[in-house]
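Asks: Chain by chain, the residues:
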Amino acid sequence: MRVPLEFEKPILELETRIAELEKYAQESGVGLEGELSVLRERLKKLQDDTYGNLTRWQRVQLARTPGRPTTLDVLGGVFQDFFELCGDRTFSDDPAIVGGLAYLEGTPVVVCGQQKGRDTKENIQRNFGMPHPEGYRKAMRLMDLADRFRQPFIAFIDTPGAYPGISAEERGQAWVIAQSIQRMARLRVPAIAVILGEGGSGGALAIGVGNRVLILENAWYSVISPESCAAILWRDAKEAAKAAEALKLSAPDLLQLGIVDRVIPEPGGGAHRDPATTLANLKTALLETLAELKDLGPEELFEDRYRRFRGLGVYAE
Amino acid sequence: MALERLFRRRRAQGEVRDVPELWTRCPSCDAPIYKKDLEQNLYVCPKCSHHMRFPALRRIESLADAGTFEQTTRLKPADPLEFVDTEPYVKRLERYQKEAGRPDAIVGGRCLIGEVPSVLLVMDAAFAGGSMGSVVGEEIARGAELAAQENRSLVIVSASGGARMQEAALSLMQMAKTTLALDRLWARRLPYVSILTDPTTGGVTASFAAIADVIFAEPGALIGFAGPRVIKQTIRQDLPEGFQRSEFLLKHGMVDRVVDRRKLKEAVTRVLRQFVGGARAAGV
Ligand SMILES: [Zn+2]
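So the sequences go chain by chain: A and B. Each residue of the first sequence is one higher than the one before, counting from 1 in UniProt numbering. Each residue of the second sequence is one higher than the one before, counting from 1 in UniProt numbering.
Just to be clear, a hint being listed does not mean it is correct.
[Said to hold, decoys possible] Interface residues of chain B toward chain A, partial, derived using beta-carbon atoms under 8 Å:
#: 1; residue: N151
#: 2; residue: Q174
#: 3; residue: A210
#: 4; residue: M254
[Claimed, not checked] Below, in silico cross-link-like pairs of lysine-lysine (BS3-like), each with a Cα-Cα straight-line distance of 27 Å or less:
#: 5; chain 1: B; residue 1: K35; chain 2: A; residue 2: K242
#: 6; chain 1: B; residue 1: K98; chain 2: B; residue 2: K35
#: 7; chain 1: B; residue 1: K265; chain 2: B; residue 2: K47
#: 8; chain 1: B; residue 1: K91; chain 2: A; residue 2: K238
#: 9; chain 1: B; residue 1: K263; chain 2: B; residue 2: K47
#: 10; chain 1: A; residue 1: K121; chain 2: B; residue 2: K98
#: 11; chain 1: B; residue 1: K232; chain 2: A; residue 2: K238
#: 12; chain 1: A; residue 1: K9; chain 2: A; residue 2: K283
#: 13; chain 1: A; residue 1: K294; chain 2: A; residue 2: K238
#: 14; chain 1: B; residue 1: K91; chain 2: A; residue 2: K242
#: 15; chain 1: A; residue 1: K44; chain 2: A; residue 2: K9
#: 16; chain 1: B; residue 1: K232; chain 2: B; residue 2: K36
#: 17; chain 1: B; residue 1: K232; chain 2: B; residue 2: K251
#: 18; chain 1: A; residue 1: K23; chain 2: A; residue 2: K9
#: 19; chain 1: A; residue 1: K23; chain 2: A; residue 2: K44
Don't read these hints as lab results, they were simulated from the structure. Virtual Cβ for every residue (Gly too), placed ideally from N, Cα, C.
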């Protein structure tokens, strides 16, 4: 059982109390409908107040909550017949990025995304979703396949960032991220990126150069994590909540800035409370986005992506 | 050298200002250097060849043919997020602008390099650590597009701690924007040479700086994706000697050559001339 987030606790406690009362009422036959309806009313108000006014830092915490759909959950739940392909053909296979072939309502597509573990053991095996250079080389291989066989490329972003370690630096972490950005930008097929949870910096952007970029309601995407930003600017990682506010890293912020094109709604309380509904919303968004792009030719798709990213930035002449 | 002895003696006596204003000391070998000599030597220590930080305008003088540079960069930063940490971003910008004497961390324009028509862009690490926000990203994209339009080669000298935090996700997007803009050069077969200087890390290394036709690095420069401090925190052990320095990157195949600043113009010219000839032959 996962540890609830601080702001979820009053809601979870009230839910437990209601469930207990319901059980008691049923078993004992005592009529508690009056009390129950008061409690349910109170629960609804509490949920609306909490979930309707999430701070950016609370959203960051939701984005990291265990039980939230990961890339493999999406590939299994939204697509049909996901068929994994492995390896970068140069060095090794990086478990922090998964990808392969799949169908989306019958349309053949090539998919890829960062994969966090769903428990501690898997998290260690997947390096907490922090890819090494070989992961990005695998992603580029998949982009090559998408181009060659004229199939849409769909990427799922969920990483605290590319791995900052000796081995990664030795093998050119910066170089492969730059190459992956360039490779994805050059795709002549529809490209969609979806930020599922954490969109940490260049390690996220490396597979984020879509014609359209979608984001789940409580996911975050920025140039640095709130903790690292706080450690540098406030000289104290504990000021992460302040940093999260300043960075304006939430889905509604990013939509306003034009960095994402569409926010995919999550069920009340976050994706982890109802993964099935989350995946259904995600599927709808993907199908609609693919339909928007289906009439564009190869060069138009490239130019569309060029224009999209060329226009981002705010400055004075 | 008599002067060295003089300095040593003075220091031994605990004098506070042990180097007169016309003199400075090499941070690497501690040799006293006459500042005029240092400037003439392109801020490279005449004794041990340690490469010190090179002011952006002097860098341009050292690469562009005399009298040919015409500045095109002119954009000013904005504060789209109204970012405030311990100090508002706008206040920081005012201070950086006053200190550096330019609106943001980049300066560049048209010039000839070894008689080859070029666009030369130089990042300024003295401005906010050379960080890349919307202005740096846009100037680089415009520089690449200008080169493509006017059939010029592109030379970018990087010096940057990475993306600028105060523009958050907008800074991140500059990595994609600059990378995309380079495609215009690619399409016209125009050469792009990237020069990595101390320091080049983060979002700059991981975008336009790493995908050039030819990459040079100055000796001893810190170059990488993550900063050494972050890596140390992550792996909780000391980093090997010379880690993330130019020579390390050469060994690992990430740069073409490590080039002494005093030979850089010669090396850049060598590459540009061969490729520009190639472009003409291909009828572009
Ligand atoms: Zn020296």
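Asks: Hint check: A:K294 vs A:K238, CA-CA at most 27 Å. Holds or violated?
Replies: violated (46 Å)
Asks: Are the Cα positions of A:K121 and B:K98 separated by 27 Å at most?
Replies: Violated, at roughly 52 Å.
Asks: For the pair we were handed, A:K23 and A:K9, check the Cα-Cα distance against 27 Å.
Replies: Within the cut-off at roughly 21 Å; holds.
Asks: Can the restraint linking B:K232 and B:K36 be considered satisfied, given a maximum Cα separation of 27 Å?
Replies: This hinted pair is violated, its Cα atoms lying about 39 Å apart.
Asks: Holds or violated: are the alpha carbons of A:K9 and A:K283 at most 27 Å from each other?
Replies: violated (30 Å)
Asks: Sort out whether A:K242 lies within 27 Å of B:K35, counting only the CA atoms.
Replies: violated (45 Å)
Asks: For the restraint on B:N151, tell me whether the closest CB of chain A is nearer than 8 Å.
Replies: violated (20 Å)
Asks: Between B:K232 and B:K251, is the straight-line Cα distance small enough, at 27 Å or below?
Replies: holds (21 Å)
Asks: Measure nothing beyond the straight line between the CA atoms of B:K98 and B:K35; if it is 27 Å or shorter, mark the hint as holding.
Replies: Distance of about 23 Å is within 27 Å: holds.
Asks: Please verify whether A:K44 and A:K9 have alpha carbons no more than 27 Å apart.
Replies: Given that 27 Å is the threshold and the Cα spacing comes to 14 Å, the pair holds.
Asks: Run the distance test for B:K265 versus B:K47: straight-line Cα separation, threshold 27 Å.
Replies: It holds: about 21 Å lies between the C-alpha atoms, which stays within 27 Å.
Asks: For the pair supplied as a hint, B:K232 and A:K238, is the alpha-carbon distance within the 27 Å limit?
Replies: This hinted pair holds, its Cα atoms lying about 19 Å apart.
Hints 1, 5, 10, 12, 13 and 16 from the list above are not met by this structure, while the remaining hints are.
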